[in-house]
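**Q** Each chain, letter by letter, is given below.
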Amino acid sequence: MSLLAEVWEAVRAIGQGMAAVNRRVGESAVTEFYPYQKPEIPPVSVQFLALIQNEDGSDRCVSCLACERACPSQVITIERKRNPAGKGFVLERFDLDFVNCMHCANCVEVCPVSAIVTVGDFEHAVYDVNMLKADKAFLDEIGRRAQVWYSPKFGVEIRKPDGSIEKAPPEMQPGGLAELLAGEEGA
Amino acid sequence: MRGPTQILPTDRADEMLINMGPQHPATHGVLKVVIGLEGERVTRAVPHIGFLHRNHEKIEEARTYPQIITYTDRMDYVSGLQNELPFILAVEDLLGVEVPDRAKYLRVIFFELYRLASHLVWLGTGMLDFGAITPFLYTFRDRERILEIVEKTAGARMLPNYFTFGGVRRDVHPDFFKDVADFLDFFEKRLPDYYALVLDSPVFQARAVGVGVLPKERAIARGASGPVLRASGVAYDVRKAEPYDAYPEIEFEVPVREEGDVYARFWVRFKEMEESIKIIRQAIEKTPKVGPYKGKVPARMKVKGSRYRAVEISRGHLGAHVVGDGTDRPYRIKHRSPSFANLQLIPDLLVGARFADAIAILSSLDPVFGEVDR
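Chains as they are written, first to last, in our numbering: chain H, 1 to 187; chain X, 1 to 374.
In case anyone wonders, no lab produced these hints; they're calculated from the structure. Please note that a few of the clues may not be correct.
[Said to hold, decoys possible] Rough simulated footprint, nothing fancy, chain H against chain X, three-plus residues with beta-carbon under 8 angstroms: (1) 145-153; (2) 162-173; (3) 197-211.
[To be verified] If we take Cβ atoms under 10 angstroms as the criterion, some of the chain H residues that face chain X in the derived model are: (4) Arg12; (5) Arg24; (6) Gly26; (7) Pro35; (8) Leu65; (9) Arg69; (10) Cys71; (11) Val99; (12) Met102; (13) Pro112; (14) Gln173; (15) Pro174.
Note that CB positions come from ideal geometry on N, CA and C, so glycine has one too.
Please work from the sequences and hints to get the whole structure.
**A** This is how it looks when you write it as structure tokens:
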């Protein structure tokens, strides 16, 4: 190949690349004003875990130890005692070590009463690693603050302004497609 | 004592030893290659691995079967979801679990979405190694859309822990099929740009054509798999050879190229992205509208026997050998990972090449170190 042809080839190559880049110049840029505008995170997304309490303030958790057994990194520690009034158990201690938590949500998967749930609450970066060792009070507080959460048993649930809890519409459910289709067929 | 991968310092004045990695920006992950240089030519190349070793297989022996799925995700973290499948298939075979049709197709859709995501990461970082920054910015933006679709249903972006024994963990989000179809239309329009920027660009071709040629016999002898093997003219794809899930019902081609150079490996991955689009489109059409997404699985899993299953992940043949002794924990799990085998090709490909080409060759192998070191 002569020198001239090589130079032409190089110019053509650059022009081809520039044309491809130019096609994207007009695209709208996306800038997120993060601390002022929070990103919308689907409730199913495993950002953080929380313990949910019933509307009357009692624990949903029945201390069945299912999450402790299901946890792959074994970060959940539960202590329980017999319920003095009636059957079952009551929680004495529920520790979750977020330092070693893999956010796999296996605990949420196995919970029979949807006590431990995933929330879209992601601003939990701290300076001290010991701050991530959560106890029951901390997890309850996150649960009280959460407006929307997810667990496979009950699906996405919403806390209404008056404090009552109800199930979100199927459009918001991560597994809501079958439900929607069944509703259409029924109607 | 000198370890088997250590390299002797040279007493020749014209040979220089260079440690490339583990912090070199052009080595993917934590690969360290000791390279002997004679001027611009590589005289020897010894890969050192193990910087990311975290005892995967041993940890998994101490966990129950449902817990292990979480760990398998963490092998090839670029295409996280794909790693769950061989282990799940093996355990399903041992337990005799039936997978419903809908779950099979959903698995195929997610599997191929992750292939697209993984190839986009490879394309972006691979072109960074070549010195081109623009494709990186574009591919990561496109990949973001895939991850967002996955997050809506599976709950996480890179390590979703979504497949499970007997199917998938939950039904898909109501918008899922629409989102995926929209993304495919969008991505099909993007692909010509990538062709123009990378594959068809004479600047790229000048650096890739005829560089790092891997002969067919050598690729087979070293146990290469995936795009690296197919670029050397061997039409081996686990999706065709031992079909799993819904792949037997889906029509697609296996792109093969004879040359075996860097350009061929790039070409094969580009064509694979096109095939993935076709596969996802077919799978969306064929997915049963309603139906169970999870088969019946015994509550307490007691697995007995041994089974090896393999799948074709973005990097090649990923296998899992599960040996169960009748308890709820496996006796032994062995993962056969494609990047680890492909990495053996480094001495074959690098010796004799120029140093600048060595980086191009490494990026065309596309190793992911979570899976090499395990």
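**Q** Next step is simple, just say for each hint if it's right about the structure.
**A** Going down the list of hints, with the structure as the test:
no.: 1; hint: 145-153; result: holds (count 3)
no.: 2; hint: 162-173; result: holds (count 5)
no.: 3; hint: 197-211; result: holds (count 5)
no.: 4; hint: Arg12; result: holds (7 angstroms)
no.: 5; hint: Arg24; result: holds (7 angstroms)
no.: 6; hint: Gly26; result: violated (14 angstroms)
no.: 7; hint: Pro35; result: violated (21 angstroms)
no.: 8; hint: Leu65; result: violated (14 angstroms)
no.: 9; hint: Arg69; result: holds (8 angstroms)
no.: 10; hint: Cys71; result: holds (8 angstroms)
no.: 11; hint: Val99; result: violated (16 angstroms)
no.: 12; hint: Met102; result: holds (6 angstroms)
no.: 13; hint: Pro112; result: violated (12 angstroms)
no.: 14; hint: Gln173; result: holds (7 angstroms)
no.: 15; hint: Pro174; result: holds (5 angstroms)
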